[in-house]
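Enquirer: Chain residues, written in single-letter form:
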Amino acid sequence: MDAIFLQFLNGLDKGGAYALIALGLTLAFGTLGIVNFAHGALFMLGAFCAVAFNKLINLDQVVLDPVLKTAWGTPIEIRTPYVETWFGDFGAFLINYSVPMSILLVIPFMLLVGVVMERGLIKHFYNRPHADQILVTFGLAIVLQEIVKHYFGANPIPQPAPDIVSGSANIGLWLGLGENVVYPWWRLVYFGFSAFVIFSVFAFLQFTTFGMVVRAGMRDRETVALMGINIERRFTIVFGLAAVVAGLAGAMYTPILPPDYHIGMDFLVLSFVVVVVGGMGSLGGAVAAGFLLGILQSFASMNEVKSLFPGIDQIIIYLVAVVILLVRPRGLLGRKGVMED
Amino acid sequence: MAMLEVADVNKSFGGLHALSAVNLTVKEGAVHAIIGPNGAGKSTLLNCFVGRLVPDSGTVMFNGTSLIGMNPYEINQTGVARVFQTPEIFEDLSLIDNVMIPAFAKADGAFRLNAWRHVGSRTKIRAKAEHALEDVGLADQRNLVCSSLSRGDKRRLELAMCLIQDPKLLLLDEPTAGMSRADTNATIDLLKKIGERGITKVIIEHDMHVVFSLASTISVLAQGTFIAEGTPEEIKGSRVVQEAYLGGEQE
Amino acid sequence: MFGNSVRGDWILLLVFSVVVLTLPITLAPIGAAYPDLLQKFAIFGLFAIGFNILFGLTGYLSFGHAAFLGVGSYASVWVFKLFTMDVLPAVMFSILIAGIFALVIGYVSLRRSGIYFSILTLAFAQMSYNLAYSVLTPLTNGETALQIRQLAPADRGPDYVLNLLDEDLRLVDQMFGVVEHGIPITNLFSLKMSGYPGFYFCAVLLIIGFFIAMRISRSNFGMMLRAIKSNQTRLNYTGINTRPYLLAAFVISGMYAGLAGASMAVTDPLAGAERMQWTASGEVVLMTILGGVGTLLGPVLGAAIIKYFENIFSSINTGILENLFSFLPSGLQEVFVVVVGMFVGSGWHLTLGLLFMIIVIFLPGGMMEGFARLFGLFRRNKNDPAAPAAASGEAATETSREQKTSGEG
Amino acid sequence: MTKKTSNIATRRTILKAGAGLGAFALTSGVAPLHFIREAHAADYCNKPTGKTVTLGFNVPQTGAYADEGADELRAYKLAVKHLNGEGDGGMLSTFKPSVLKGNGVLGKKVAFVTGDTQTKSPAARASAKRMIEKDNAVMITGGSSSGVAIAVQGLCQEAGVIFMAGLTHSNDTTGKDRRANGFRHFFNTHMSGAALGPVLEKAYGKVRNAYHLTADYTWGWSQQKSMKESTEAIGWKTTKTVKTPVGAGDFSQYITPVLNSGADVLILNHYGKDMVNSLTQAVQFGLRDKQVNGKNFEIIVPLFSRLMAQGAGDAIKGIFGSTNWNWSLKDEGSKAFVKSFGAEYGAPPSMAAHTCYVQTLLYANAAEMAGTFSPVGIVKSLEGFKFDGLGNGPTEYRAADHQCFKDVLVVRGNEKPTTKFDLLEVVEVTPRSQVEYDDKMLGGSLGPVNSKPC
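Residue numbers (our numbering), protein chains in the order written: chain A, 97 to 437; chain B, 6 to 256; chain C, 6 to 414; chain D, 236 to 689.
Worth flagging that the hints you see were computed from the coordinates, not collected in a lab.
Bear in mind the structure is a predicted one, so any value in this text is a computation, not a measurement.
Hints are supplied without guarantee of correctness; some may be wrong.
[Stated by the list, open to error] Restricting the straight-line Cα-Cα distance to at most 20 Å, the calculated cross-link-like pairs of lysine-lysine (PhoX-like) are:
1. D:K369 x D:K286
2. A:K432 x C:K234
3. A:K151 x D:K655
4. D:K574 x A:K165
Build out the structure end to end from the sequences listed, making use of the hints.
Expert: Right, dumping it as structure tokens:
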């Protein structure tokens, strides 16, 4: 029972991450009809915003130790972050909270990246075949990766969560379950955060005129354009929004998964599967599919299930994708005619 | 003799009854026009003939075989060809290829792995295709890629694609929609010329000029059901029809 | 130049054959004339040609074609292990197995179109990869990859436990009394298939594969496939059941992939699961688009370019660059070495990514479009009034030459 | 030319044309090239004929292990420098017995070519083939995973060149996949297990329940087997062994079952990115703060790499593992190497760099001893070669399986690192005798040395 509850939590947490990544992708993919193979790279850029923010705030004063030497004879460097020198305890506090605070950097930076990318590149590919879109966005993804690799190396870089949420929450005690029902605070934060972002995006599209136009544009682009609305500019903003969502997903995930330059590619295939299983052009579908796949993946990894079907945890996502696409031709909530040819 | 017999066809989408208890008989050799106001269910009915939609109930018999539940390609093989409201052609291929494909379909059936036979080498079908293009006046442009054609030419090409199959029944969904008066007249002449071959035709049309120039029988559909049927003269004189439809539309 | 006649096709084939067979000489100046890379050119060319039959003609984008490549490799290596080191049975068997595999996956996946089709194929390939890497290790030898081993001892007692992953039988070879020292090398009627003979073997397969693809492209069947890409609805209302056509194209291209996989096993008898990963499937997609979707030569070209970058650009290190720029004054030399160094060696991915972007931004039809434009320029410079038409005709040699060439004439 | 044209013009069918072209290829293409190759046939593959001898450094330059590969490459370049008599000579001065003079090898200057393995077997083989076929490399070395090492080792055996393995930890490399042309300096999963056993007993007692999470591929299984054997030998029980997909990223669904399993030790048979992720996440789940059966819950990472461990940040503090070499060692060889490497690159070498450097020196020395670069000669001098001064104390290349036998380091994540490199502290140097095993235990056989011309 406890085990099942914990796996359910895992599923929600995973699902939150999947849904968040897929949400950004489906905004660009379902709205603009762009097969964006650089979406994973946007996730990665978001994660490295957190890294860069951390590095920035940790910018340190280097003092050479007069006595101690390294094994190769150079003096040992003593590093103190400037913020600590300047602000003392408050500086330490800033460093401690660098991951959540990096959101302040992620939002403007990713918005800029998204807008520049759309205006500079994607815009010219709306009427090009999907093949061209794949090649150009894949090329862009590689270039972005290599730039990050050039500056940050190829190894994963640890990004600790703030101390206050670095341990585990004893959920078992709250809910009257066993004492072994514990869950890392940061994962709970991440789940709440992803729910908040998903909710915000939906509210934005549902309750603002901007959102209404975009939703109408998703259904029938030409008609909206005929109505004299500058749908182009709105789509630019949507792309920027997609980049921000991907970036946020990436930045907040860093304490769970120390990022490296390749992390985007690892999520790329998965995010496409989630979006398509959810159904093209459906935001709700992407979120639903994210949670569904996350939860199923968690349960498939249980030892009891694995002993029945060896290796099931490795293929469950793809298996479910196949089954869903065969039962429901356009995924969970897909609309007819979107990306079917 | 009845070629197409439609009996008690019903079709609804959600709560909307697009077709209710529709009955229609198309005689062999007839040019049967179906007219009616927008949203009367004309295209829905046509879609039920070609397998795009399956009626909720009722029968559609073509020369004694039921078309219900058949795939579009199977229906075509029984001898039903269709011209769409917006031209459905192979935009990236040349005109001649566009016409040859239906010719192959007619000759080869639904599937043949003729991966070895060069397209250009089948002179008989090629000649036939060129002939079909001549019939619709597009022979000069046979090697152009279709996407460069005007809308009217696309429509004529689609007609040629249907005609090359020598269909028993030709379904035309607003064949002159969006055409200039001159083009419309040219199309009327073309369809009249085809009429000489004795192909049975069902035409859905808004333009009464076209309808009265071509049709031998006219059925009037309104709100998902037929309200009148007769020769052009009878329909022109029908009070019911004028009230339901013509009165509002004619200038 | 190459008219729309059958004769034109023969000329194209002849030119192609001559170019392919003389690669060991012509590629020497750019450092690509060594057997392994030449083999890779031929093998991936074959893979991409086959992929193009599906993607280029029907427009169905399979994102799981590497699965067939992997299956082909595994099938070949098993034939080597169990029966004979002669390559022909292995090649035949691989094509057959890949074909069956493609039939099953295609039958299911082709129930959907567009992106849904792509994801279905991707899902099947990823499942194959994940299982081959782990659970199916008894069949695939997992991470270590399936390899040819020494023969199991001939005098196996009744208690002997045969471990086929680590020892081989080669029943047919043994029947003919072939003597082996250590681990044997694949052969074609006892001609060793490593080095240049291996390349020529692959090259001949490539030429045959090119020829078949050309015939398919020009055939009635090919026209039907193109019609599917253009307007599947119309085809349905024209009396054509598109599914068998699609399935046939899928299986044919799967068999090409199987053949490519077999060629890999022939030239390098080691079959690993990485071959089936989505990145490998993505690679052939990129090759095809880079060269020119729907063109005959494009995919081969795209394959060669990507493999060239992977093998040659990645091997350039600072030492080589220092030599290369040694004619410059020392300060300038260092600058050049640093700047160029970012794009070679471990930076070869960056160059590849930039290349993808540049090609697709400036040449929407891939490399072949670039050549067509070059020809166009060339012709126009010669003041030939028929120049533009002839130029587009050049590109159309590959796609649908008949339609465009005479179109403007 | 006329011949070809007539071929095509007269022959109509594909088969004939194909056969014609094939025949053309075989007669006019293969024969001359073969003739040329035979013309100056050497007595072994890629025999150096000029003033240089070329070595092939095949390391991952892209993908997850790119940084490790870069460090390996630094070590190789340093080794080449030292062999050619440039720089401070590094371990050349501490290596005993050595006949290296610092004037190249056998009077030839050492040159090298590099390639990218991408940590994928096919790419690694393609890269190695290029070095052999195009660049005439007489020895290939490098690699950052066992799959790659085994694949390249097999290739070198077929081609008839020597392979000096880089970082490869699986038993199979010198076990059932051992090859006469291949040599490994790095230790293996069996040695890790054997070295860790007694240390774990001392630290955590005899009564423990271990839970294994294992990367689902050959190295993972091999590591799990070794750890299971050695921990069960000290009386521990194995609660459960669970396989996890390679590159899983999020391991939460595998970690939560540990909480309820009753186990009090978690053994992570992961390497590289998997290790970084699973360890980070296991610590986040509060496993290390837990008390089970009245004991502190512990985590063990059998194979530690300092370079990769950086990615796990604070999570590695206090965690036991084993390593082939660590830069904090104080023997003369290690000191010389760290000094030379640190001065050159400003950072201490990783264990991968160390093993690669040592392998290069060992190869060069063997060639010098044999007086030839021919694989037969190299193999003869390396088999049973006993040496010291290369950082691992007295070491022997065992003749039966071409595996180095030496002391194994048991390390622990440093609780109070003074620099960012100071992540591991050596807690025990397990003597060679304790990790040695019978060469028949792992199966496989070397087969004959391939020293034929290529």
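Enquirer: Evaluate each hint against the coordinates.
Expert: Each hint tested on the structure:
Straight-line distance between C-alpha atoms of K369 (chain D) and K286 (chain D) comes to about 17 Å, which keeps the hinted pair within the 20 Å bound. Distance hint between K432 (chain A) and K234 (chain C) is fulfilled; the C-alpha atoms sit about 19 Å from each other, no more than 20 Å. Restraint check: the Cα-Cα separation between K151 (chain A) and K655 (chain D) comes to about 14 Å, which is no more than 20 Å; the hinted pair holds. Restraint check: the Cα-Cα separation between K574 (chain D) and K165 (chain A) comes to about 11 Å, which is no more than 20 Å; the hinted pair holds.
Figure legend: structure checked against the earlier numbered hints; every hint is met.
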